[in-house]
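Chemist: Sequence:
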Amino acid sequence: MTPSAERFDCPPGGAVEEGRRRLRRGLAWLAGVTLAVGGAAAWFGRIVPALLAVGAAALVLYTRRVSADLDPLFVELDGDELIVQMRRWRETFPLAGATARHLEPDEIEHLRRLATSARITAGTGGFDSHRLGELDLYASDLGRAVLVELDEGAVVVTPDDPVRFVVAVGARNPDLTTIETASD
Numbered sequence: 001m002t003p004s005a006e007r008f009d010c011p012p013g014g015a016v017e018e019g020r021r022r023l024r025r026g027l028a029w030l031a032g033v034t035l036a037v038g039g040a041a042a043w044f045g046r047i048v049p050a051l052l053a054v055g056a057a058a059l060v061l062y063t064r065r066v067s068a069d070l071d072p073l074f075v076e077l078d079g080d081e082l083i084v085q086m087r088r089w090r091e092t093f094p095l096a097g098a099t100a101r102h103l104e105p106d107e108i109e110h111l112r113r114l115a116t117s118a119r120i121t122a123g124t125g126g127f128d129s130h131r132l133g134e135l136d137l138y139a140s141d142l143g144r145a146v147l148v149e150l151d152e153g154a155v156v157v158t159p160d161d162p163v164r165f166v167v168a169v170g171a172r173n174p175d176l177t178t179i180e181t182a183s184d
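Residue numbers for the sequence shown follow the numbering used here, so the first one is 1 and each next one is one higher.
Quick caveat, the hints were computed from the structure, so don't treat them as lab data.
Ideal Cβ positions, reconstructed from N, Cα and C, are used throughout, including at glycine.
Among the hints, erroneous ones may be present.
Each pair of labels, with its calculated beta carbon distance range [unchecked claim]:
1. R131 x W89: 21 to 29 Å
2. S117 x L52: 27 to 35 Å
3. R7 x R113: 28 to 36 Å
4. E81 x A58: 24 to 32 Å
5. D151 x A171: 29 to 37 Å
6. G97 x R7: 29 to 37 Å
7. T92 x G55: 19 to 27 Å
8. G125 x A36: 55 to 63 Å
9. V66 x P11: 18 to 26 Å
10. L59 x D106: 35 to 43 Å
11. G79 x V48: 54 to 62 Å
12. D78 x P105: 25 to 33 Å
13. R24 x E91: 36 to 44 Å
Using the sequences and the accompanying hints, generate a full structural model.
Modeler: Set out below in C-alpha cells:
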C-alpha cells in the first residue's frame, strides 16, 4: 500500500530570507538610480540615453520580480516521489531507496557559507560540498535543513516540520534505516 500524500510548507526565515530581502532592496535601489539617470538625460535633451536608461531600469525591475521564482513554497511526499513546488517550477525526485536526516548545526553553518556570496544566501541551486557531497538545494530557512539522499544524488529541503518529514520519508522506505536528528 502506498502512503498518502503529505505536504510540508517551506516558510521563509533565517539567512535565506535576509538574503532575499537584500537582493530585492538592492535591485529596487539600482532601478531607482537608473531611472534618475534617465530622467536627468531627458532633462538635458538626451532622448536616446534616457530611453536606454528607462529600458535598463525595466530590465532590473523584471529581474527583481523573477528573482523569487525558484523560492520553494512546499515539499510534498506523494507515493514514491518527493515533489518540490516553487513559485513557477516543480521538481520531482524518485524516493525509492531514499534516506533523510536533519542536518547538524555545524553542517547547516557550512551550507550557509557555501550558499552565501556578497551577503546574499541563495535558497536554490546546485552545490558541491566537501562535507555533504554534491547536492541540489531548495531552501527557505536553513535552520530546518534536511538532507535527502536519493539514488540519483542528494537534495536539501527545508520543511516546516523536519522531524515529521524525516519520519515520513522513512515510512516510504521501511527496509532502509532513516537517521533522525532532533534539533530542539
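Chemist: Against the structure shown, which of the earlier numbered hints fail to hold, in ascending order?
Modeler: 4, 5, 6, 7, 8 and 13
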